[in-house]
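Colleague: Take a look at the letters that make up each chain.
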Amino acid sequence: MAAPRPQVGNWKPYKGGKPPDPPPAGQGPIIGQPNTRFPTVGPTEIAVPAGGYQSVIDTAPLDQGKRNQITAVPVAFQSNRTTGGDPSRAAFARAVSDTSRNAMGRAENKFSTDLMQQSQKSRSEDLLSQKQSAADRFRMDLSKNIFDTDTSTRYTQGIMDGSQMFETEKRNEEAKRTAMVMRMIGGLL
Amino acid sequence: MFSDDPQTKYRTNNTYATTFTAPVGPDPRTFDKARNEAMAQASYQGNTRQFDTTVGKGIAAGGKMQAFRSGLMGDAEAGKAFAQAQQEQLGKFSAQSAANLQFQERLSGERGWVRDLLMDRDENLTKERMSAYKRYVDVNLGDYERKIKEAVAAERRSTEILGGLI
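Those protein sequence lines, which keep their order, are chains F and P. Quick note: the first sequence uses the numbering used here, first residue 10, plus one each step. Quick note: the second sequence uses the numbering used here, first residue 314, plus one each step.
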């Protein structure tokens, strides 16, 4: 014969009139602080993935070597003579080259700036979406823990309710039977 | 659930792997070719002889001033072509960088979608587990309540029987 199952819950028939009122519940527990009266259920923090949040978006500016390569507009004429018109011609050529170099520099700078702005925006969105997913998972895990605890508590309390109801009814019926017997004995006397 | 394979149940592998493989951009060789052509053009246009006039009157034809002007024109044209070559260079780098960024954005986006899918799957699995637990509790509680009611009824029947006897 199997051993009897242990009683569910710390329950026993109450005797002695109306029981004293339970203490007031007081204020609810505050988040982030351990409370022995209200033990924490489930995770308390959003779990960050190992190694932290990582993004595949590269926010680095264009490589400096590439930048130099882009803006290095060659000079069309290199002076290696000293005739009268030679410096003038070299100066014209340098003017054209410098103008081009500046224009290319501005274009490269604008592109690099736009690229970095866009990549940083994309990177932040990437990380934000990962954090959103982690928060969703936290919500799911916590909800499950709350639900499990609620269900378990409901189960235990339900069993205690049934036990108490049976005990009450049993005593009522025993009292009725005792009263019947006493009335019968009284009638005989 | 996309697969019943236990290997793919709780991890991102073939089922949930991303599909973007590499940046898709213009062929860099196209830019190199354009740049080389521009450089060659610059070299050619730097040849001042094409601007030398051998016709006309007086000392202008083949004179030093004419040679100087021709030189300036050739330098200017070559300078334009050099600038164009560098512009091709900028176009190449910018196109590559833009393609890289776009690839990274799309990869990031797809990973986000995969995370959402995994999250949806896990939520459904979690709900299923929660329902199983609730069902277990409900069934056991219901069974226990029925037995309690039966036990109470038995007590009442005993009373009724005693009442009938006496």
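The hints are simulated quantities; they were obtained by calculation from the structure and are not laboratory data. Owing to the predicted nature of the structure, the values given are computational and were not obtained by experimental measurement. Among these hints, one or two may not hold up.
Unchecked claim - Derived Cβ-Cβ restraints for the label pairs, each shown as a range:
#1 P70/F <-> L438/P: 25 to 33 Å
#2 L438/P <-> Q141/F: 13 to 21 Å
#3 T334/P <-> N89/F: 47 to 55 Å
#4 G18/F <-> G477/P: 32 to 40 Å
#5 R180/F <-> D435/P: 49 to 57 Å
#6 D435/P <-> T158/F: 28 to 36 Å
Ideal placement from N, C-alpha and C gives every residue a C-beta, glycine not left out.
Colleague: Are the hints correct? Go through all of them and say.
Modeller: Evaluation of the provided hints:
1. P70/F <-> L438/P: 25 to 33 Å: Since P70/F and L438/P have Cβ atoms about 44 Å apart, the given range 25 to 33 Å is violated.
2. L438/P <-> Q141/F: 13 to 21 Å: Taking Cβ atoms as reference, L438/P and Q141/F lie about 20 Å apart, which means the hint holds.
3. T334/P <-> N89/F: 47 to 55 Å: Cβ of T334/P to Cβ of N89/F: about 52 Å, so the range 47 to 55 Å holds.
4. G18/F <-> G477/P: 32 to 40 Å: Since the Cβ atoms of G18/F and G477/P sit about 37 Å apart, the hinted range of 32 to 40 Å holds.
5. R180/F <-> D435/P: 49 to 57 Å: holds (50 Å)
6. D435/P <-> T158/F: 28 to 36 Å: violated (20 Å)
Consistency with the previously given hints fails for numbers 1 and 6, ordered from lowest to highest.
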